[in-house]
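Chain residues, written in single-letter form:
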Amino acid sequence: MKRRDFIQQSVAATTLVTLGGFGLQSFNAAPRTKQITILHTNDVHSHIDAFGPEDGRNANLGGVARRASLVERIRKENPNTLLLDAGDIFQGTPYFNYYGGELEFKLMSKLKYDAATIGNHDFDNGIDGLYAQLPHAKFDFISSNYDFKNTVLDTHVKPYKVYHKDGIKIGIFGLGIKLEGLVDKKMYKETVHLDAIETTQEMTRILKTEEHCDLIICLSHMGYYYKNSPNKISDLNLAKSTKDIDLIIGGHTHTFLPKPTVAQNSEGKNVLVNQVGCFGINLGRIDFYFDNDKNKTANGTSIIV
Amino acid sequence: MKFKFLFLLLVLLCFSNCKEEKFTLTKIEGKQIPITDSLELDPTFDAVIKPYRDRLQEDMNLVLSYAPETYSKADGDFNTAIGNLMADIVYEQSKDVFKSRTSNDIDGVLLNHGGIRSIISKGNITTKTAFEIMPFENSIIVVALKGKQIDSMMHYLARAKRAHPIQGFKLSIDKDYNIVKAQVNGKAIDTAKTYYVATNDYLVNGGDNMNFFARNEGEYPLDYKIRNALIDYFKKTDTINPIIDDRFIQIK
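Protein sequence lines correspond, in order, to chains A and B. The first sequence begins at 1112 in this note's numbering and counts up one residue at a time. The second sequence begins at 59 in this note's numbering and counts up one residue at a time.
Next comes chain A alone, as it looks inside the complex (with noise of 0.2 Å):
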């Protein structure tokens, strides 16, 4: 019964648009532009502050009170702009081996963040010191092949989720690299590695069939590319192997890429592959333009890297 109501309410509104479509579609045919902006990091490794100036390497460098006053300049001039992590928030200056995560959770929470991913680092504490500092997130963790269902994260972390901005459906999957080997058992205990190819073409059927977004992004924590390894799963591998993602996001193996790398998928469509180093020093910014003028979408999509 309640379902018929629906149709019937649906049906009505959709008469009114289609009503007040009529007197104006002769003439207005209001071509606009839709801007979608991504800003990312990964393996941020617990750099709450910025590098001192005696640092051989990064002298100034990164800062989370600093990283802040960039979003939010960033989001004053775009508000339809989403901000992701790849993971390994964790590790890498005493302020984890102190206070375990808190202050990590807390600034991201207060930064906005809106997902983040798992990287290898955050078991550091355990599954249960990461489970401990989820009260301090109120942002979403997205891992799709980490199976947690035999584990306290389990109902905690989400494969996927369909974010929405001015109308654009944002679909975000999550990959993590394999633990065994990687990080001690006794860490992440009954988490299960799911293969990441598997994973991505079931999350994809999903997010592009099912969930109908717009625009697909996968945060990946399995690494850029292994040179030594070059078979090894990573995410130039995943995005050649795959189809229908617009853009990975990839941490783990800490690279520096002059600019965002354009990779082709399995149907020759082009994948955009961004990774931003690490602790922090740099803000990945990806801008998706949509466009209802038809002379504009004929074109294809350009890119500019």
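Hints in this document: simulated from the structure, not taken from any laboratory. There may be inaccurate statements among the hints.
[Unchecked claim] The calculated DSS-like cross-link candidates involving lysine-lysine, where the alpha carbons are at most 27 Å apart (straight line), are:
(1) A:K1272 <-> B:K283
(2) A:K1354 <-> B:K89
(3) A:K1319 <-> A:K1407
(4) A:K1300 <-> A:K1269
(5) B:K206 <-> B:K186
(6) B:K186 <-> A:K1380
(7) A:K1217 <-> B:K85
(8) B:K233 <-> A:K1351
(9) B:K80 <-> A:K1217
(10) B:K233 <-> A:K1338
(11) A:K1405 <-> B:K85
(12) B:K219 <-> A:K1343
(13) A:K1280 <-> A:K1380
(14) A:K1300 <-> A:K1354
Once you've looked at the hints, dock chain B against the given chain A.
Leaving out everything else, chain B in the frame of chain A:
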């Protein structure tokens, strides 16, 4: 009936209309913005951080030693100054306690290249430096390995093509990564002998796929964190002087 038809017509019209409203991805722009000191500090963030920071800094700013140069794990192909320093420190800080507990000598040290988490910057070495190099809580374990397992370890190192820090061992490989020479303290590996290798609990438990540690003749945890070994060594060393040497090399 008439109404129903009208509805249907309107719905159809709507769909064609909606189709025109469809937004298509036309342009992507990507860039990276460095977080430099030209960006202002958001004071509301700094206020949250301050009490956490003040407590930490009391401990962290103690000067322990001095570095005459900047040392990075990227400087060197198969052995690095910073890696050699870490392996040497683990040996130096463990040998006496291991000897007094077991009356055996440590034959060598193996750590992992990935475990060096930061550079040592030229200038004062503080408690903070030790935390940056070794943020993890890993402890030193001495593992008893038969010569055969030492042989597996050497093959692992040759295949890994990385500057995993070692001490006490000597390894030369050719351009195809085949072992030319593998020694323990200047002598060829005796497959029947038991050797005592100091490493950390992460690697003993299979970290970095160092599976040769699993088949051991005994594990001796020293209950001594790697980071504390670094701090104790820095405290008694006025100026560090690590160098790249010939402990692990490739002959081209």
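Evaluated hints:
Note on A:K1272 and B:K283: the hinted pairing is violated, with a Cα-Cα distance of about 41 Å set against a maximum of 27 Å. The straight-line distance between the Cα atoms of A:K1354 and B:K89 is roughly 23 Å, inside the 27 Å bound, and the hint therefore holds. A distance of roughly 23 Å separates the Cα atoms of A:K1319 and A:K1407; the hinted pair therefore holds under the 27 Å criterion. Our distance criterion of 27 Å between C-alpha atoms is met by A:K1300 and A:K1269, whose separation comes to about 19 Å.
The suggested pairing of B:K206 with B:K186 is violated, with an alpha-carbon distance near 40 Å, which exceeds 27 Å. For the proposed pair B:K186 and A:K1380, the alpha carbon gap of about 47 Å is over 27 Å, so the pair is violated. Of the supplied pair hints, the one linking A:K1217 and B:K85 is violated, its CA atoms being roughly 35 Å apart against a limit of 27 Å. As the CA atoms of B:K233 and A:K1351 are separated by approximately 31 Å, the hinted pair breaks the 27 Å bound.
Distance hint between B:K80 and A:K1217 is unfulfilled; the C-alpha atoms sit about 39 Å from each other, more than 27 Å. A C-alpha spacing of about 17 Å is found between B:K233 and A:K1338, which places the hinted pair at or below 27 Å, so the restraint holds. For the hint pairing A:K1405 with B:K85, the CA-to-CA distance comes to about 14 Å; that is within 27 Å, so the pair holds. Simply put, B:K219 and A:K1343 have alpha-carbon atoms about 16 Å apart, close enough for the 27 Å limit, and the pair holds.
The suggested pairing of A:K1280 with A:K1380 holds, with an alpha-carbon distance near 20 Å, which does not exceed 27 Å. Simply put, A:K1300 and A:K1354 have alpha-carbon atoms about 32 Å apart, too far for the 27 Å limit, and the pair is violated.
When each numbered hint is compared with the structure, violations occur for hints 1, 5, 6, 7, 8, 9, 14.
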